[in-house]
Structure formats: C-alpha cells, structure tokens
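Chemist: Quick note on UniProt numbering: the sequence shown kicks off at 1 and runs consecutively.
Hints are computed from structural coordinates only; laboratory data are not their basis.
Owing to the predicted nature of the structure, the values given are computational and were not obtained by experimental measurement.
Be aware that one or more of the hints could be misleading.
[What the hints assert, rightly or not] Pairs of lysine-lysine, DSS-like flavour, derived with a Cα cap of 30 Å: (1) Lys144 - Lys37; (2) Lys8 - Lys37; (3) Lys53 - Lys8; (4) Lys53 - Lys37; (5) Lys266 - Lys232; (6) Lys78 - Lys266; (7) Lys53 - Lys144.
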Amino acid sequence: MFANFGTKVTIFEAAPQFLPREDRDIAQAITRILQEKGVELILNANVQAVSSKEGAVQVETPEGAHLVDALLVASGRKPATAGLQLQNAGVAVNERGGIIVDDYLRTTADNIWAMGDVTGGLQFTYISLDDFRIVRDGLLGDGKRSTRDRQNVPYSVFMTPPLSRVGLTEEQARASGATVQVVTLSVAAIPRARVMNDTRGVLKAVVDVNTQRIVGVSLLCVDSHEMINIVKTVMDADLPYTVLRDQIFTHPTMSESLNDLFSLIK
1 MFANFGTKVT IFEAAPQFLP REDRDIAQAI TRILQEKGVE LILNANVQAV
51 SSKEGAVQVE TPEGAHLVDA LLVASGRKPA TAGLQLQNAG VAVNERGGII
101 VDDYLRTTAD NIWAMGDVTG GLQFTYISLD DFRIVRDGLL GDGKRSTRDR
151 QNVPYSVFMT PPLSRVGLTE EQARASGATV QVVTLSVAAI PRARVMNDTR
201 GVLKAVVDVN TQRIVGVSLL CVDSHEMINI VKTVMDADLP YTVLRDQIFT
251 HPTMSESLND LFSLIK
C-alpha cells in the first residue's frame, strides 16, 4: 500500500526465503511485482536493534544499519493471556499462551469456552466468527458443530493484486504422496484482467489425478479474494474439478478464468 503511494519501502525478512509457506513460483511472481513497484526485499535479515536517530529510525542488522522514516513491525503476535491467572480457574494454556480447547472450543475447565485469536489458532476474523457459531451451538443448540466441520479454510493477502490460496501447495501435495497434475494460467490471458488494466499474476491449480478432486489452488490476481471462495465451495462439497471447468460464469468476469484454468487439466 505504501509503495503504491510512492513511498520507498524496504522489507526485512528473517527467513532465507520470501513467503516460505507458498510455492516458489508463486513467491517469485509476488517478488517480481513488488520489485516493479520499487520495493527492496532483504532476506536473512536478523534485526538486532532499533533506535531513534536524528528524527528517524535506525534499523541495525549484521550487514549494516538502515535509516528509515518509519518502521512497521509485523513479526507476528500471540495471545495476551499472561497475567490473567487462568490457572486459578483451571484453564490451561500452551507454551505460547494460547488457551487450550477441544474441537468444541471447551477449555480444560467445566463450563468455560474460548474462541478467537486467544486460542492461538488461525488468526482470521472469519475463524472467530465460526468459533462463535460453535460456542453458540454448544450453549443454545444441539452441540454438534465443531472445528472439524471447517474443512478447507481459504486466506487472502490483500496486496495489489491480492494473493489467495485454499488447500495444499504443490510442494505439500507431492510430499503427501498423491499423484497430482499441476497447471498454471497467466493472468494476462484473462479478458477481464485486460479490461481492468491489471494483467499481473498467475493462477495455479493442483488436482489429484486419481480422484479428480482439487487439492489446492493459488490465485495471484485482481479479485482473487472473491474467486477463492468459489473454489473452496467445490472442494468442501467434494466435487471434481470438472465442475469448475464446465461451469457457466458471467462474462466478462475474473471468475470465468476458472473455466480456462481447469481446462488445462488433461
């Protein structure tokens, strides 16, 4: 966002790879997009100290010091349960302070539930909403809803264009021993992307050859945060990839590119 406003942005990444949870080709595509915006990416950045200097911020690494106007720290977070003395109520926490719960979000204490980021799980707003549904069902319903019902949880990184993924990466799928076919589609081939004047990115699908089920999908394109929910629905319903290959979508839309992507499966 700051780079879009013309700000010079430098990313200090502690890991040896950028976006290590994504496939290398997806991470490389994102890197190219960021570099085209003038974003500098520093890997293996072990930030040792941060201090104020002459009205600016100095970031010190083993490779040298960097003087910047402002620093955004996005190194992760953990549940702020320290000091709550939860043990007095019989509520156990894990080593990171997350409240331990079962599939129904019940804690280790009778009649106490925990939901949202405080459990130390996936820290998404929509997961907290589903947590609420589970607890509500436990208190006012039949108590059958649980975290096991979630199946495939998608997520989006709201950069420009956004990255969205659901299911396994290609690397994870191959490591599982499944026989998969992997296909990719350049966003430049999508009519709607050309209309919107943003042809950056790539669409990627991993399909199990034996079952014809979608194993995972990565979408780096405009409107990917909307498209990924269509893919999730098909995966949750245990439908074959051909449903998306043959689906009738409105035109021109980004969604219709799913026709083209899954038509590449042979």
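Chemist: Under the constraints set out in the numbered hints, which ones does this structure not fulfil?
Modeler: 1, 6, 7
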